[in-house]
Amino acid sequence: MVKGITPSQTVGPFFKYGLTPDGKYEWNDAFSNNLVTPDASGERIRVEGRVLDGDDQPVGDCMLEIWQADAQGRFADPQDKRALPNSAFRGFGRCGTDPNGDYAFDTIRPGQVPDPDGKPQAPHLLLAIFARGMLLHNYTRIYFDGEAANAADSVLALVPAERRATLIASRKPGNGSAVYRFDIRLQGDEETVFFDI
Amino acid sequence: MTLAYPIESNAAHPARLSPGYGSTLKRSPQKPLIIMRHTLSELTGPVYGQETVRENDHDLTIQHTAEPLGERIIVHGHVLDEDGRGVPNTLLEIWQANACGRYIHVVDQHPAPLDPNFTGAGRARSDADGYYKFITVKPGAYPWGNHHNAWRPAHIHFSVFGHAFVSRLVTQMYFPGDPLFEFDPIFNSVPDENARMRMVSSFDMDNTQPDWALCYRFNIVLRGRNATPTETK
Numbered sequence: 066m067v068k069g070i071t072p073s074q075t076v077g078p079f080f081k082y083g084l085t086p087d088g089k090y091e092w093n094d095a096f097s098n099n100l101v102t103p104d105a106s107g108e109r110i111r112v113e114g115r116v117l118d119g120d121d122q123p124v125g126d127c128m129l130e131i132w133q134a135d136a137q138g139r140f141a142d143p144q145d146k147r148a149l150p151n152s153a154f155r156g157f158g159r160c161g162t163d164p165n166g167d168y169a170f171d172t173i174r175p176g177q178v179p180d181p182d183g184k185p186q187a188p189h190l191l192l193a194i195f196a197r198g199m200l201l202h203n204y205t206r207i208y209f210d211g212e213a214a215n216a217a218d219s220v221l222a223l224v225p226a227e228r229r230a231t232l233i234a235s236r237k238p239g240n241g242s243a244v245y246r247f248d249i250r251l252q253g254d255e256e257t258v259f260f261d262i
Numbered sequence: 524m525t526l527a528y529p530i531e532s533n534a535a536h537p538a539r540l541s542p543g544y545g546s547t548l549k550r551s552p553q554k555p556l557i558i559m560r561h562t563l564s565e566l567t568g569p570v571y572g573q574e575t576v577r578e579n580d581h582d583l584t585i586q587h588t589a590e591p592l593g594e595r596i597i598v599h600g601h602v603l604d605e606d607g608r609g610v611p612n613t614l615l616e617i618w619q620a621n622a623c624g625r626y627i628h629v630v631d632q633h634p635a636p637l638d639p640n641f642t643g644a645g646r647a648r649s650d651a652d653g654y655y656k657f658i659t660v661k662p663g664a665y666p667w668g669n670h671h672n673a674w675r676p677a678h679i680h681f682s683v684f685g686h687a688f689v690s691r692l693v694t695q696m697y698f699p700g701d702p703l704f705e706f707d708p709i710f711n712s713v714p715d716e717n718a719r720m721r722m723v724s725s726f727d728m729d730n731t732q733p734d735w736a737l738c739y740r741f742n743i744v745l746r747g748r749n750a751t752p753t754e755t756k
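Residue numbers (the working numbering), protein chains in the order written: chain A, 66 to 262; chain B, 524 to 756.
Isolated chain A (complex conformation) (with noise of 0.2 angstroms):
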């Protein structure tokens, strides 16, 4: 009989070598901060950024997780009854800080994926954030800048206003393919959003 769910604790300073190797441990890993297969349609972004603690120290020993929809809006699991797998895109990615806090995911644009009632979402990334100190990951999104969508889009709409740019990742200048910044603070004035859910 299940009474309820095993609880979370915090991934500790000492996943790296099981989690996010990186070619540094003897193992090898399942996951990768490159989403990008040769197959898939959309256009290229990158989207990079660091890990601030409350002190405004970056967070070296942080794991984070994206979950996104291909270019047509629709995921790699068979239960987006939508779904056409049309390539090899899967949509999620792994990625450790670095000892300044940094982070990179290579990716592709998001499509449009419909909310509860069927209106399009904004483009956006799910992020999960893993670290010593995090009893429970924490949840938030990544909106992209200049994308008009983000206007109409009802989850932006239920974050007060003056904090909606913490999920609005900002497009670096340049002409080459698109690079959007990403900060996350876990704590203080600018504290990133994040979700319960």
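In case anyone wonders, no lab produced these hints; they're calculated from the structure.
Virtual Cβ for every residue (Gly too), placed ideally from N, Cα, C.
Heads up, a few of these hints could be off.
Here are the in silico distance ranges between beta carbons for each label pair [unchecked claim]:
1. A:PRO238 with B:PRO699: 57 to 63 angstroms
2. B:ASN579 with A:ASP87: 20 to 26 angstroms
3. B:LYS656 with A:SER242: 41 to 47 angstroms
4. A:GLY239 with B:PRO699: 56 to 62 angstroms
Partial list, computed: chain A residues near chain B (C-beta under 7 angstroms) [stated by the list, open to error]:
5. ILE70
6. VAL76
7. PHE79
8. GLU91
9. TRP92
10. ALA95
11. ASP118
12. GLN144
13. ARG197
14. ALA214
15. VAL220
16. ALA226
17. ILE233
18. GLN252
19. GLU256
20. VAL258
Go by the hints and put chain B onto chain A.
For chain B alone, kept in the frame of chain A given last:
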């Protein structure tokens, strides 16, 4: 089958700010979290990763030229949803200290020996009914800097996915009867005693292998229940 993920189930989790665990002070949110309806983004998840599991990844005692030192153990169990259904074909990742309580991670420099025959990382996929099995050595307790004479109870870290991004779980499996439980702020960050005990494995004599290894059972219950429950009255 469509699963729902009631937010009430999260009551089993620790408070993000747990002052007894010092590192939470600067890393836990201070502003209110935003409650939202789950959308397709939250209700789907990476139902893969299990294909990365190689034949012997579940056996942490055969990854090197010789066997690691320490007490060989079997750790097995059932990955379940909240209705008690097995979660098949899901990826489990584990990492742990060696029998001396030392992690291979470069940051762990406490005075205990590394074991050249033990990395401490493993992977498995649950079978068609949700069962998994690892073979490893029992990890040692180890000191940490949280407070004077702080020691972590022996534990194995588990990372599990389940059916959706909201069922994602990272936890720690403990061993029954550990005398360090009452002193450990991470273990005790889970407020409810029943929930806390769900992180403690049980000794499994029935599956202990004669002349070879003790066995521990650790069932893992992930979020997710039938979206349209049948009437029980």
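Cross-check of the supplied hints:
| no. | hint | result |
| --- | --- | --- |
| 1 | A:PRO238 with B:PRO699: 57 to 63 angstroms | holds, 58 angstroms |
| 2 | B:ASN579 with A:ASP87: 20 to 26 angstroms | holds, 22 angstroms |
| 3 | B:LYS656 with A:SER242: 41 to 47 angstroms | holds, 44 angstroms |
| 4 | A:GLY239 with B:PRO699: 56 to 62 angstroms | holds, 57 angstroms |
| 5 | ILE70 | holds, 5 angstroms |
| 6 | VAL76 | holds, 5 angstroms |
| 7 | PHE79 | holds, 4 angstroms |
| 8 | GLU91 | holds, 5 angstroms |
| 9 | TRP92 | holds, 5 angstroms |
| 10 | ALA95 | holds, 4 angstroms |
| 11 | ASP118 | holds, 4 angstroms |
| 12 | GLN144 | holds, 5 angstroms |
| 13 | ARG197 | holds, 5 angstroms |
| 14 | ALA214 | violated, 14 angstroms |
| 15 | VAL220 | holds, 5 angstroms |
| 16 | ALA226 | violated, 13 angstroms |
| 17 | ILE233 | violated, 15 angstroms |
| 18 | GLN252 | holds, 5 angstroms |
| 19 | GLU256 | holds, 5 angstroms |
| 20 | VAL258 | holds, 6 angstroms |
The structure shown violates the earlier hints numbered 14, 16 and 17.
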